[in-house]
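Residue numbers (full-length UniProt numbering), protein chains in the order written: chain A, 1 to 170; chain B, 1 to 170; chain C, 1 to 170; chain D, 1 to 170.
For the record, the hints were derived by calculation from the structure and aren't laboratory data.
Keep in mind that the hints are not guaranteed to be accurate.
Since the list gives no way to pick out one identical chain from another, each pair is judged satisfied if it fits inside one copy or across any two copies.
[Unchecked claim] Derived lysine to aspartate or glutamate pairs resembling DMTMM-like cross-links, with alpha carbons at most 25 Å apart:
| id | residue 1 | residue 2 |
| --- | --- | --- |
| 1 | LYS158 | GLU128 |
| 2 | LYS119 | GLU107 |
| 3 | LYS34 | GLU128 |
| 4 | LYS119 | GLU137 |
| 5 | LYS132 | GLU144 |
| 6 | LYS7 | GLU58 |
| 7 | LYS160 | GLU134 |
| 8 | LYS160 | GLU73 |
| 9 | LYS119 | GLU20 |
| 10 | LYS160 | GLU107 |
| 11 | LYS158 | GLU73 |
| 12 | LYS34 | ASP155 |
| 13 | LYS160 | GLU128 |
| 14 | LYS119 | GLU73 |
| 15 | LYS35 | GLU20 |
| 16 | LYS34 | GLU20 |
| 17 | LYS132 | GLU107 |
| 18 | LYS160 | GLU72 |
| 19 | LYS158 | GLU20 |
There are 4 protein chains.
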Amino acid sequence: MKPSVRKQIGVIGAGICSSETRALAEAVGKEIAKKGAVLLCGGLGGVMEAAARGAKLEGGITLGILPGACREEANPWIDIAILSGMGHARNALIPQSSDALIAVSGEYGTLSEIALGLKMGKPVVLLESRWKIEGTESAKSPLEAVELAFRLIEDGTKRKLRRGIETNEV
Amino acid sequence: MKPSVRKQIGVIGAGICSSETRALAEAVGKEIAKKGAVLLCGGLGGVMEAAARGAKLEGGITLGILPGACREEANPWIDIAILSGMGHARNALIPQSSDALIAVSGEYGTLSEIALGLKMGKPVVLLESRWKIEGTESAKSPLEAVELAFRLIEDGTKRKLRRGIETNEV
Amino acid sequence: MKPSVRKQIGVIGAGICSSETRALAEAVGKEIAKKGAVLLCGGLGGVMEAAARGAKLEGGITLGILPGACREEANPWIDIAILSGMGHARNALIPQSSDALIAVSGEYGTLSEIALGLKMGKPVVLLESRWKIEGTESAKSPLEAVELAFRLIEDGTKRKLRRGIETNEV
Amino acid sequence: MKPSVRKQIGVIGAGICSSETRALAEAVGKEIAKKGAVLLCGGLGGVMEAAARGAKLEGGITLGILPGACREEANPWIDIAILSGMGHARNALIPQSSDALIAVSGEYGTLSEIALGLKMGKPVVLLESRWKIEGTESAKSPLEAVELAFRLIEDGTKRKLRRGIETNEV
Numbered sequence: 001m002k003p004s005v006r007k008q009i010g011v012i013g014a015g016i017c018s019s020e021t022r023a024l025a026e027a028v029g030k031e032i033a034k035k036g037a038v039l040l041c042g043g044l045g046g047v048m049e050a051a052a053r054g055a056k057l058e059g060g061i062t063l064g065i066l067p068g069a070c071r072e073e074a075n076p077w078i079d080i081a082i083l084s085g086m087g088h089a090r091n092a093l094i095p096q097s098s099d100a101l102i103a104v105s106g107e108y109g110t111l112s113e114i115a116l117g118l119k120m121g122k123p124v125v126l127l128e129s130r131w132k133i134e135g136t137e138s139a140k141s142p143l144e145a146v147e148l149a150f151r152l153i154e155d156g157t158k159r160k161l162r163r164g165i166e167t168n169e170v
Numbered sequence: 001m002k003p004s005v006r007k008q009i010g011v012i013g014a015g016i017c018s019s020e021t022r023a024l025a026e027a028v029g030k031e032i033a034k035k036g037a038v039l040l041c042g043g044l045g046g047v048m049e050a051a052a053r054g055a056k057l058e059g060g061i062t063l064g065i066l067p068g069a070c071r072e073e074a075n076p077w078i079d080i081a082i083l084s085g086m087g088h089a090r091n092a093l094i095p096q097s098s099d100a101l102i103a104v105s106g107e108y109g110t111l112s113e114i115a116l117g118l119k120m121g122k123p124v125v126l127l128e129s130r131w132k133i134e135g136t137e138s139a140k141s142p143l144e145a146v147e148l149a150f151r152l153i154e155d156g157t158k159r160k161l162r163r164g165i166e167t168n169e170v
Numbered sequence: 001m002k003p004s005v006r007k008q009i010g011v012i013g014a015g016i017c018s019s020e021t022r023a024l025a026e027a028v029g030k031e032i033a034k035k036g037a038v039l040l041c042g043g044l045g046g047v048m049e050a051a052a053r054g055a056k057l058e059g060g061i062t063l064g065i066l067p068g069a070c071r072e073e074a075n076p077w078i079d080i081a082i083l084s085g086m087g088h089a090r091n092a093l094i095p096q097s098s099d100a101l102i103a104v105s106g107e108y109g110t111l112s113e114i115a116l117g118l119k120m121g122k123p124v125v126l127l128e129s130r131w132k133i134e135g136t137e138s139a140k141s142p143l144e145a146v147e148l149a150f151r152l153i154e155d156g157t158k159r160k161l162r163r164g165i166e167t168n169e170v
Numbered sequence: 001m002k003p004s005v006r007k008q009i010g011v012i013g014a015g016i017c018s019s020e021t022r023a024l025a026e027a028v029g030k031e032i033a034k035k036g037a038v039l040l041c042g043g044l045g046g047v048m049e050a051a052a053r054g055a056k057l058e059g060g061i062t063l064g065i066l067p068g069a070c071r072e073e074a075n076p077w078i079d080i081a082i083l084s085g086m087g088h089a090r091n092a093l094i095p096q097s098s099d100a101l102i103a104v105s106g107e108y109g110t111l112s113e114i115a116l117g118l119k120m121g122k123p124v125v126l127l128e129s130r131w132k133i134e135g136t137e138s139a140k141s142p143l144e145a146v147e148l149a150f151r152l153i154e155d156g157t158k159r160k161l162r163r164g165i166e167t168n169e170v
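Let the sequences and hints guide you as you build the complete structure.
Shown next, in the form of structure tokens:
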């Protein structure tokens, strides 16, 4: 009954995008749900909607952190809506709440979330990115992106554990 | 497969409280889960933990919006953790994201959330409150608090619909 | 040339108010400027505008922390505008950035700032308040409110210093 | 007595940097003060401290928007400190409150502010940047950076005015 802590994976990308990008985002959402993780996103259209749709089609759980204050702005595939009412400052909440980020293409808003994720020390995987940013990893397919994200989370946990053992914290 | 929009009920109260207050909060959490709503809270101890525990014991979904940036600070009954990293400013996120608020006892932090909820036009139900604040409703039991919250949400929706009909917006 | 650290006093109150309340707020703003402190407020109309006007008439410095993202929303007496774009969450920024708060009358938004100020351990002085909240102090005039605020700041500083001396931190 | 609206220029960059970068930032701060604009920054060390120092040496006004909640964390050249207590989410406040941004070198935090500034439609000038990002402008010296920032602000204002005239809004 106690919740086992599910991984939370943030999918970030633009609110308006091509159908090819939508297809990639939906496939990313599906893989995240298949792995039993919660999908976090910005709750709006484009990449956010496609990823949430993918996750729901596989029976996953989706959470949208919206910039505005209206439930009606959430796309129809969002289970739980956080209405931040905070505008652009909400861009800090998705990286902060995610164990790893997957960026599918993306514009300036996405770039700000990538940068914040890196600053917070989160794994960041790029799919079809127009930017090259040191510290991120690139994937060639939705499946590779999700597997890479999970591997990087695990590596980070092991690193922390090892450090704990060496310093007698564990 | 598409998510039906579940109600989101915020339970607010202090991080340290008496066992009587904990029992009330747990009962509130149970009633919220029985009605199929998502329980939102601040994710920490005291009232937040008791309410989340109640909801999980009834198979509900729980979401914690934490002031800090560490998953480990969430109580063990939180399914999904929003790590706001925003300190006290996170107090605006719970009222904004809730269809109604139920305050169980509470200190200054709770008072700020009650006030913000009222400012946002949300129904606010008080249980065992030390404050009397116009615009809030009082309940005598956890069951009454939850039923009152749902009734007030419904009244608000009807009022909006009626206004829409009168003004030809619907 | 190095800035001496000026006190920062937050004046909070509603965006729409009576002319009597405006007069009180303007007098509060004047006293703050006379004491060489910076006036912080929400940057909009009503109490915020009157207090900022008072401070400017005495040659003081005024700072408005606005909920929106447009400079044009600031009242004409604001020297520096912080455009938070954060909506109601900006209500945490004024108490956090103030050495003391003075509430002039006020509605729910003001109540949320009073509560957050108390939670943060800041001195809170009420003038013409409709609420009685333990932990706050009441004043009978603008001059008394400002003098009380400064005295409470000084007492807090002394208390911290004394604690530091006792625990050898200073 | 009424405040003339001063331009607000945000200077962004890392909290730890080389002495060459510090020298550039200080020169940027000086030019901003000479032009009578308010300098906005993150209030901490490195680029933020050097820029604020430069502005104060020329008699300017400096404002720091800090991630934390302690006045003591501000560098000694900050006149007014906004204690956001919001952690990384404060990175949205500097671009939002600035008429233009000047980035001096910088790390991931700076990149997030550049991206948010571009998303908000603000002019962004880069000095000694390791990133090439479309939509930004590059400068070769502190003086050129500040002059470019002011020119871009003016161009934006003219563009808005012209649009207003064409659409009869003015």
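Consistency of the hints with the structure:
1. Within a single copy, LYS158 and GLU128 get their C-alpha atoms no closer than 29 Å, and across copies no closer than 37 Å, so neither meets the 25 Å cut-off.
2. Taking the closest pair of Cα atoms, LYS119 and GLU107 come within 25 Å of each other both inside a single copy (19 Å) and across two copies (8 Å).
3. Proximity of LYS34 and GLU128 under a CA criterion of 25 Å is satisfied intra-copy only: 22 Å inside one chain copy versus 44 Å between copies.
4. Taking identical chains as interchangeable, the C-alpha atoms of LYS119 and GLU137 lie at most 25 Å apart whether they share a chain (15 Å) or sit on different chains (24 Å).
5. Within a single copy, LYS132 and GLU144 get their C-alpha atoms as close as 18 Å, which meets the 25 Å cut-off; across copies the closest is 27 Å, which misses it.
6. Taking CA atoms no more than 25 Å apart as the test, LYS7 paired with GLU58 passes in both settings, with 16 Å inside one copy and 23 Å between copies.
7. Proximity of LYS160 to GLU134 under the C-alpha cut-off of 25 Å is restricted to the intra-copy arrangement: shortest distance 22 Å within a copy versus 37 Å between copies.
8. Proximity of LYS160 and GLU73 under a CA criterion of 25 Å is satisfied inter-copy only: 17 Å between copies versus 39 Å inside one chain copy.
9. In this assembly of identical chains, the alpha carbons of LYS119 and GLU20 lie at most 25 Å apart only when taken from different copies (23 Å versus 30 Å within one copy).
10. Proximity of LYS160 and GLU107 under a CA criterion of 25 Å is satisfied inter-copy only: 24 Å between copies versus 33 Å inside one chain copy.
11. For the identical chains of this complex, LYS158 and GLU73 are inter-copy neighbours only, at 20 Å across copies versus 39 Å inside a copy, given an alpha-carbon limit of 25 Å.
12. In this assembly of identical chains, LYS34 and ASP155 lie within 25 Å of each other by CA distance solely inside one copy; the values are 21 Å within and 39 Å between copies.
13. Taking the shortest alpha-carbon separations for LYS160 and GLU128, neither the intra-copy value of 30 Å nor the inter-copy value of 35 Å comes in at or below 25 Å.
14. In the homo-oligomer, the alpha carbons of LYS119 and GLU73 lie at most 25 Å apart only across protomers (20 Å), although the nearest pairing inside one protomer, at 29 Å, exceeds that limit.
15. Only within a single protomer do LYS35 and GLU20 lie at most 25 Å apart by alpha-carbon distance; the minimum there is 23 Å, versus 40 Å between protomers.
16. With identical chains, the CA atoms of LYS34 and GLU20 are at most 25 Å apart within one copy only, with a shortest distance of 21 Å there and 42 Å across copies.
17. Taking the shortest alpha-carbon separations for LYS132 and GLU107, both the intra-copy value of 13 Å and the inter-copy value of 14 Å come in at or below 25 Å.
18. Taking the closest pair of Cα atoms, LYS160 and GLU72 come within 25 Å of each other only across two copies (14 Å); inside a single copy the shortest separation is 41 Å, beyond that limit.
19. In the homo-oligomer, the alpha carbons of LYS158 and GLU20 never lie at most 25 Å apart, since the shortest distance is 36 Å inside one protomer and 38 Å across protomers.
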